[in-house]
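**Q** Residue strings, one per chain:
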Amino acid sequence: MVAAAKRLAALLILFFIIPVSPVIAAESKTSSDDSLQSLIDLGKRLYKTGVGTSGKPVAAIDISGQRVFAPQFHCVACHRASGYGSKEGGVYIPPIVAKILYQPMKPDRARAFNGMYFQDQNAEMSARINSARTRPGYDLTSLARVLRTGVDAASEPIPHAMPRFEVSDRDVEALDAWLRTLSAIPDPGVDATTMHFAVIISDKTPALTQKAVLETSRVFFERMNKNIAGDRSRPNFSPLFRSEFASFWRDWSLHIWTLHGDETTWPQQLSDYYAAAPVFAVIGGAVAAPWQPISDFCDEQKLPCLFPLTDMPPAETFAAGYTLYSYGGLPLEARAMAQFLGADPGRRKIVQLAIDGPRGSTPATIFAQEMRQFSSKHDVQTIGVARNSWAQAIEQVSRTAGNDDVLVLWPGDDAKAAVAALAKTAPAAGRIILAAQAEPFAVEMLTGTPLAQRVRLMHPTELPSVVNPHSYRVRAWLNARQVTVDPPEDQFQVYYALSVLEKAVMEIQGDYSRDYLIEQIEMIAESNLSPGVFPNLTLGPGQKVASRGSYVVKLDGKAVGGVSPDGDWIVP
Amino acid sequence: MKLRQFDRTKSAQFIRLAIISCIAMTSVSAGSQSNISRTFADYIPPSVTLVKTTKKPVSFAHLVDGSRPVVLEFFYTSCTTICGMQTSTLAGAQKGLGKGVTIVSVSIDPEYETPTRLREYSSNFPVGANWHILTGKRSDITRILTAFDARPFGDNKMLHRPYVFIRPAAGRQWVRLEGLANSKHIVAEVRSAIAHPPPKSSTMVGLRKSINRMIGSGW
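Same order as they appear, the protein sequences are chains A and B.
Going by the working numbering, the first sequence opens with residue 1, and the numbers climb by one from there.
Going by the working numbering, the second sequence opens with residue 1, and the numbers climb by one from there.
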């Protein structure tokens, strides 16, 4: 009887507990997931901003033993957002991503090449890189020791380029949790055989630009894939150690994303393309509209977008983002123009004629703001102009123009009509400044006229009289593949984007992280790959615009290209 | 045969002696680090105008070629490796150097580094009144880098090296340090250079500097 009662009691207990226990387990799992996630978030905050788990900044101890809190001493400053480190100034910053930090280090020729190539600091560091060094994988104890004392997992001192940190045990735990997730999963767009890249164009892109972008990309991809096939077909033939890297190479696949119709539908179209076949990066591209929606999409997907052909980047492009721009476009022209006029302190009346739409209103707004910063004496008036109504607008302004007055034209893609109107009904006095789009038409229609003396043009590219030797190589390369070089500037810039991408893909080897790709491009941009469309292309960690200045030019019938500079390169 | 062996021993001894004397020449007093190379050289600072963090122009040649001791370095704010450490080192060295020493930091990424951006950067460190953080035109800064034999390979700023230049007095050569030095080392180097100045600049260099000052350009 007692036994039966016991059995019943046991059954009752089972009846109540069994259904409840998964709930308890699930709840405890959720709470442990939550606490792990919050630990990861705290670690991420420490890595990126230097703020410890206590909410206070963690002190870094520099080479001289001083406590420093500057952003240059946060983990991310050297090891970068990807965690793959950097190579700069003769110093090799090793990768600390999960798959490397927590694994025992074995001699690895392919990875060692990366360090050796840049390693030129001193005998001590050189020996460290060149020796077939091993170390155990890091754990909490050794991580804490290397952060606090600079002694690594193999009990060896690490170089003083790495500061020491006053981290608490909780800080180390949080950092450990974050580092275990850092670049732990390869980014989408690469599979076992292929790397996928996209080129974005729209149905508004002029046919010639479309042809330039697509043909240049196509022949570059063909050449790339032939080279890769060659390396793979001869695994034992290894000049320059190529066979070491053969396992990293993937075929390049080009996806063309054509955007149709209204610009408000573009984000959805981009999402659909991406969902159907994710790509690793977007190259070049030209949509003949503001780049903002595409830039937003790339930021949302953390998708590198390399050097699009656009004169309408978002106005504030210096902030972090995934799009790298060749130059600052119309916002840059507006700032440089303001600097050119603002440098002269005299009182002026400035009238801007801006085509309706963003290519007129954006630079006009920026120009007016910038002029106000220089002096309140400048009176800036902005008038919107509809397509093909330049003659009336110019005539109206001309009536009251004085010698000190300035007429600014932002004609967008209606530049030919604007310059033609100017040639017919120019103001009798004052100076006239035009955006760079008007240059070919101004050279053709205004050179040699009495008006020419008073006209200035923005010129954010290299002067026509300066020729970069690399442009001959690129032109010959395209000619050899039966690609017509027209317009050369667009094709050269697409070629630049592709050749920078090629070099960056070689650098990242098998580490398919998009952040790492961008970090490599920031390093490579200033190398000798520029075909000279811009005087200098230079990026750096966190920098997003490669050319940051503009010339102001005057019409000069005797000069190459019909223009000569009026003053130095202006960097606003 | 014997004679040849004797020769070999002798030459080995000579080489050993030469190495020891080289090491002795390059090491300095307390605070020195063994992995920093140290040489003397004559440099002609070009007459170019740079811009301070206050946006005011300043003549580079006047700043570094005056009568006061000068410490010069090149850096850029978004550098991922040595520049932050080098700035922090100079900040720590300021007290030891005293008010009589001018510190000059020149940006090698001038088109990105506006005076405003440099001001933000310097606000992270205790920058004293004798420390000039400068930017300028790209072509002018390339001229300075060329003059100090500090131009990075391929003009790619990513390949810059950790240099510190010290000139203790007018008419003297510069001490050129390469390597990541700490504050004590910098202070020791400056004091040592003041106490035992490097050789005098050559007459030709002095002449060229005077001409530069007169015509306002370098040659």
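A hint or two may mislead.
Only pairs whose alpha carbons sit at most 30 Å apart, straight line, appear in this in silico DSBU-like list of lysine-lysine [what the hints assert, rightly or not]:
#1 B/K99 x B/K52
#2 B/K52 x B/K137
#3 B/K137 x A/K554
#4 A/K211 x A/K302
#5 A/K554 x B/K99
#6 A/K558 x A/K424
#7 A/K377 x B/K55
#8 A/K503 x A/K302
#9 B/K99 x B/K137
#10 A/K48 x A/K106
#11 A/K377 x B/K52
#12 A/K349 x B/K55
#13 A/K377 x B/K137
#14 B/K99 x B/K184
#15 A/K424 x A/K349
#16 A/K44 x A/K106
#17 B/K56 x B/K99
#18 A/K377 x B/K99
#19 B/K56 x B/K95
#20 A/K424 x A/K554
#21 B/K99 x B/K200
#22 B/K56 x A/K349
#23 B/K184 x B/K52
#24 B/K95 x B/K200
#25 A/K558 x B/K137
#26 B/K200 x A/K56
#27 B/K184 x B/K200
The following label-pair restraints were derived from C-beta to C-beta distances [claimed, not checked]:
#28 B/E120 x A/R67: 17 to 27 Å
#29 B/P126 x A/E156: 32 to 42 Å
#30 B/G128 x A/T149: 41 to 51 Å
#31 A/T193 x B/F40: 55 to 65 Å
#32 A/S155 x B/D155: 55 to 65 Å
#33 A/Q103 x B/H62: 48 to 58 Å
#34 A/G65 x B/E120: 22 to 32 Å
#35 B/G128 x A/A276: 57 to 67 Å
#36 A/P239 x B/H62: 51 to 61 Å
#37 A/R133 x B/G128: 35 to 45 Å
#38 B/P126 x A/I256: 50 to 60 Å
Think of the hints as simulated: they come from the structure by calculation, not from any bench.
Just so you know, even glycine gets a beta-carbon here, dropped at the ideal spot from N, CA and C.
**Q** Now tell me if each hint is right for this structure.
**A** Consistency of the hints with the structure:
no., hint, verdict
1, B/K99 x B/K52, "19 Å, holds"
2, B/K52 x B/K137, "12 Å, holds"
3, B/K137 x A/K554, "22 Å, holds"
4, A/K211 x A/K302, "28 Å, holds"
5, A/K554 x B/K99, "49 Å, violated"
6, A/K558 x A/K424, "24 Å, holds"
7, A/K377 x B/K55, "21 Å, holds"
8, A/K503 x A/K302, "20 Å, holds"
9, B/K99 x B/K137, "29 Å, holds"
10, A/K48 x A/K106, "29 Å, holds"
11, A/K377 x B/K52, "26 Å, holds"
12, A/K349 x B/K55, "27 Å, holds"
13, A/K377 x B/K137, "28 Å, holds"
14, B/K99 x B/K184, "17 Å, holds"
15, A/K424 x A/K349, "22 Å, holds"
16, A/K44 x A/K106, "28 Å, holds"
17, B/K56 x B/K99, "21 Å, holds"
18, A/K377 x B/K99, "42 Å, violated"
19, B/K56 x B/K95, "26 Å, holds"
20, A/K424 x A/K554, "19 Å, holds"
21, B/K99 x B/K200, "24 Å, holds"
22, B/K56 x A/K349, "28 Å, holds"
23, B/K184 x B/K52, "27 Å, holds"
24, B/K95 x B/K200, "28 Å, holds"
25, A/K558 x B/K137, "28 Å, holds"
26, B/K200 x A/K56, "52 Å, violated"
27, B/K184 x B/K200, "26 Å, holds"
28, B/E120 x A/R67: 17 to 27 Å, "21 Å, holds"
29, B/P126 x A/E156: 32 to 42 Å, "33 Å, holds"
30, B/G128 x A/T149: 41 to 51 Å, "31 Å, violated"
31, A/T193 x B/F40: 55 to 65 Å, "58 Å, holds"
32, A/S155 x B/D155: 55 to 65 Å, "41 Å, violated"
33, A/Q103 x B/H62: 48 to 58 Å, "56 Å, holds"
34, A/G65 x B/E120: 22 to 32 Å, "26 Å, holds"
35, B/G128 x A/A276: 57 to 67 Å, "60 Å, holds"
36, A/P239 x B/H62: 51 to 61 Å, "54 Å, holds"
37, A/R133 x B/G128: 35 to 45 Å, "42 Å, holds"
38, B/P126 x A/I256: 50 to 60 Å, "55 Å, holds"
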